[in-house]
Amino acid sequence: MAITVKTLGRPQAESSYVRATLKGMALTFKHLFARKWTMQYPEQTSDADWTLSKRWRGTHRMAVDETGKAKCVACGLCPQICPANCIKLVAGEDEKGNRYPLVYEIDEFRCVFCGYCQEVCPEEAIHVGVDYENAEYSRDGFVYDLARLMKQPHEVSTLWDPSDPKGE
Amino acid sequence: MCLVDVEKSPKPVPSCATPVAPGMVVHVSSEQARTARRAVLEFLLINHPLDCPICDKSGECSLQDYADQEGRASGRYADYAKRYNPVEDFGPDILYVPNRCVLCTRCVRFMEDVAQAPTLNVSERGDRAHIDIFEGELLDHPWAGNVVDLCPVGSLLSKDFLNKARVWDFDKTASVCPGCTQGCNTVLETRDNAVVRIRPRPNPDVNRWWMCDEGRLNYGWLNRADRIEAPLVRQAGRLVPVDWEQALERAVEVMGAAAGPWVALVSPGASCEALEAAAKLLAVKGGSGAFRVAEGPEAPLAGVPDLALRKERAPNVHGAVAAGFGRDWAAAVELARRAALVLVVDDDLADVERPVASGPMIYVGTVLPEEARSAAVVLPCANVAEEEGSFQNLRGLRQHYAQAKSPPGMARPAAWILTAIHDALVSRVGTRA
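Top line first, the protein sequences correspond to chains A and B. Here the first sequence is numbered in the numbering used here, starting from 1 and rising by one per residue. Here the second sequence is numbered in the numbering used here, starting from 1001 and rising by one per residue.
The hints are simulated quantities; they were obtained by calculation from the structure and are not laboratory data. Mixed in with the good hints there might be a few duds.
[What the hints assert, rightly or not] The calculated DSS-like cross-link candidates involving lysine-lysine, where the alpha carbons are at most 30 Å apart (straight line), are:
| # | chain 1 | residue 1 | chain 2 | residue 2 |
| --- | --- | --- | --- | --- |
| 1 | A | K96 | A | K54 |
| 2 | A | K71 | A | K54 |
| 3 | B | K1164 | A | K69 |
| 4 | B | K1082 | A | K69 |
| 5 | A | K54 | A | K151 |
| 6 | B | K1159 | A | K88 |
| 7 | A | K69 | A | K6 |
| 8 | A | K96 | B | K1164 |
| 9 | B | K1159 | B | K1082 |
| 10 | A | K69 | B | K1159 |
| 11 | A | K151 | B | K1164 |
| 12 | A | K71 | A | K96 |
| 13 | A | K71 | B | K1082 |
| 14 | A | K36 | A | K23 |
| 15 | A | K71 | B | K1164 |
Use the sequences and the hints to build the structure in full.
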């Protein structure tokens, strides 16, 4: 059985592609002169419109004290609170008898960047950082040890506004 | 900290020191009682340092619990510097941190009333009071480690445990101390499959709440790394690792072929179950066995009747005797040289003159000493922390202990090994007529 095709009798002015094409081109040309939002990453790495939030939670950084040692006292609260179980900590004693981390490793692959470690740290030692460039050549490179965490150059996250800690 | 409100009493009374009287009505959480307790807590916290993150007691500290219950985050004394005194060394295993001390004097009273060897005192008065040690004395009593458990805060610390672990990381397992024939009940605290600390488990019949230092620090061998991990059988003069099936098969073969009297050299550190299985196995073809015990000075805890670190430093001497093993080690070793078969259970054969046996030797043990390398079959067994079993103490009390960590490699409990050999052997040669 032959199919009956229904033909719509629209006027040429409506069914012509010329009008739609012109409309599309007009939009395209309008954008050529409009303000550009794209940052040319990685050629360009900073832009006034593309700053990360102060509360961005990226790869970690360990704070150091004035003598250049890690502030961490190996209290064990961060491995305890960590929901991803990505922090490995072995406590030890330094030459002055102070408690310090013998081993402190964060597996950034396991980390879910919740920021609980920074929140729970009583010494304000471990921080999540305002950073997103984490590429590595090997998987092992994503297990950050203490020396690496101390050397991280990026800003640390401000999890809350100090003047308004409860967000009111 | 235990102030409660009693009706018709003019002020809150300490519940720990107030006898119950007829018609007494006590309000534990009335407003007045809570206020009083809050005030006491505030006093205790004036000089208490805010160093919970580096304190070993953190997580099992009474003061921490109280502060947590009350829930006040800040104190009213923030403007004043806290009292500071340096850490003192009290004895071989004990440190005193005066800053954290709340002067409950539990340690002083333990040394005086329970150990009956007064060593500690409260020196100076008022604000300057602190726990001190008598002139020229040392807190080196064999039971001194108990003051660390008694301390409600982190003021008295064990040097052995210092900065080693956080207490909330531990898995705790009920066990029995393998140190001597007293059979103190213990808790094995393990982390990452290693025993990190041993603490006493209250048992009014055996050890009350106490445990001696020797037992406390006697855990290094439970974590030994040089263990046998697979059954070994002798093939062409060398010990070759095989699976359990082959190893048991070979053991049964060797034992089935050995006709004459058998000799067993067993350890009084093995469980009752293992020793009974060994005795049963020995009975298949007849034989005898003996054990030896390391001895040390007896150290009683004066204030508690019938509690001491016993002379015989093995947990299951009485279990071994009950299973039918003798104490004449020298005779058994002599006999072993002529026996058709020697069965060694968990003894390390140290100081036994080589060759231990002229006939074949079945060695069931945790480690492989030089003396055991001539064995026909070597079967790896679990140690006390890695198996379930029981020990019989010197009062005939048989106490069960649980498994705290997993054994290395293919090691299995000695009782399982000996029972498996026995069953296979009986099905092959039948019991002795």
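Fill in: Hint numbers contradicted by this structure
Violated hints (numbers, rising): 1, 7; every other hint is consistent with the structure.
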